[in-house]
Amino acid sequence: MELSLKLQGRPFAEALLKTVQRSVDPVLRGTLNTTVTATRRERFTKPLRGVLSSRRANRRMVIKRARRGRMDARLIPSGSGIPVTEYSRWGFDAIDKTRARVWVVGLGGKKVAAGFVNPGAQRKLPLSTRSQKIGRVRTYTYKRALGEALAPSVAYWFKRLAQGNTLRWTNAFLRREFERRIKIELAKGPR
Numbered sequence: 116m117e118l119s120l121k122l123q124g125r126p127f128a129e130a131l132l133k134t135v136q137r138s139v140d141p142v143l144r145g146t147l148n149t150t151v152t153a154t155r156r157e158r159f160t161k162p163l164r165g166v167l168s169s170r171r172a173n174r175r176m177v178i179k180r181a182r183r184g185r186m187d188a189r190l191i192p193s194g195s196g197i198p199v200t201e202y203s204r205w206g207f208d209a210i211d212k213t214r215a216r217v218w219v220v221g222l223g224g225k226k227v228a229a230g231f232v233n234p235g236a237q238r239k240l241p242l243s244t245r246s247q248k249i250g251r252v253r254t255y256t257y258k259r260a261l262g263e264a265l266a267p268s269v270a271y272w273f274k275r276l277a278q279g280n281t282l283r284w285t286n287a288f289l290r291r292e293f294e295r296r297i298k299i300e301l302a303k304g305p306r
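Residue numbers for the sequence shown follow my numbering, beginning at 116 and rising by one.
Because the hints were derived from the structure by calculation, they are not lab data. All of these numbers come straight from a predicted model, not from anything done at the bench. Don't take every hint at face value.
Cross-link-like lysine-lysine pairs, in silico, DSSO-like; alpha carbons within 27 angstroms at most [stated by the list, open to error]: (1) K212 to K225; (2) K274 to K161; (3) K225 to K161; (4) K274 to K303; (5) K161 to K226; (6) K226 to K274; (7) K179 to K161; (8) K239 to K225; (9) K298 to K212; (10) K274 to K133; (11) K226 to K248; (12) K133 to K161; (13) K298 to K133; (14) K212 to K248; (15) K226 to K212; (16) K225 to K274; (17) K239 to K226; (18) K239 to K212; (19) K179 to K274.
Pairwise CB distance ranges (calculated) [stated by the list, open to error]: (20) R306 to G223: 50 to 58 angstroms; (21) V177 to G279: 19 to 27 angstroms; (22) S168 to K274: 15 to 23 angstroms; (23) D211 to R182: 49 to 57 angstroms; (24) V177 to R275: 15 to 23 angstroms; (25) L282 to R164: 17 to 25 angstroms; (26) S193 to G223: 38 to 46 angstroms; (27) R290 to R253: 46 to 54 angstroms; (28) S268 to E157: 18 to 26 angstroms.
All residues carry an ideal CB built from backbone N, CA and C; glycine is no exception.
With the hints as extra help, turn the sequences into a complete structure.
The following block contains the structure:
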């Protein structure tokens with residue numbers, strides 16, 4: 116998923132900064148980097164606090180910062196499933212004596228995870244399923260040990276949160292930050 120924002124007023128800012136012998140590129144890079152960091156914190160990490168810890172959410176949403184030669188800052192969410200036990204709240208619904216459906220509590224309620232729990236066991240751990248369905252063919256793998264059940268990835272939550280409100284908020288923040296940085300550069304005076 117890609118969200119694009121366009122900054123207007125760059126030619127005007129370039130002309131304004133030229134009067135004090137300064138470049139617009141460092142201002143633009145700083146603006147983009149600050150915006151992507153604030154967007155991750157305010158629009159993604161904070162809403163996910165009840166679902167995942169901030170540290171775990173941030174580790175799975177990598178920021179690629181703007182630098183010389185690349186004038187774009189990117190927020191890249193991981194598409195890998197997250198172990199169920201890393202979620203703040205999870206549980207299971209028993210189907211029979213040895214199988215239960217695993218779920219995690221997310222932003223809109225419960226979300227089923229890819230795994231099961233043995234409700235009759237002493238240690239009720241969420242384990243991954245051994246079956247895999249590709250097309251119409253279902254295969255079972257018994258050679259590997261059972262791993263931990265995986266729940267929806269950060270990319271899933273990212274897509275749910277990256278709606279119109281987030282885009283508008285990010286655009287407004289980008290504009291304010293750009294104007295603030297331009298004023299700071301102009302206040303420094305000529306070189």
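Ascending list of hint numbers which this structure does not respect: Violated: hints 4, 9, 10, 12 and 26.
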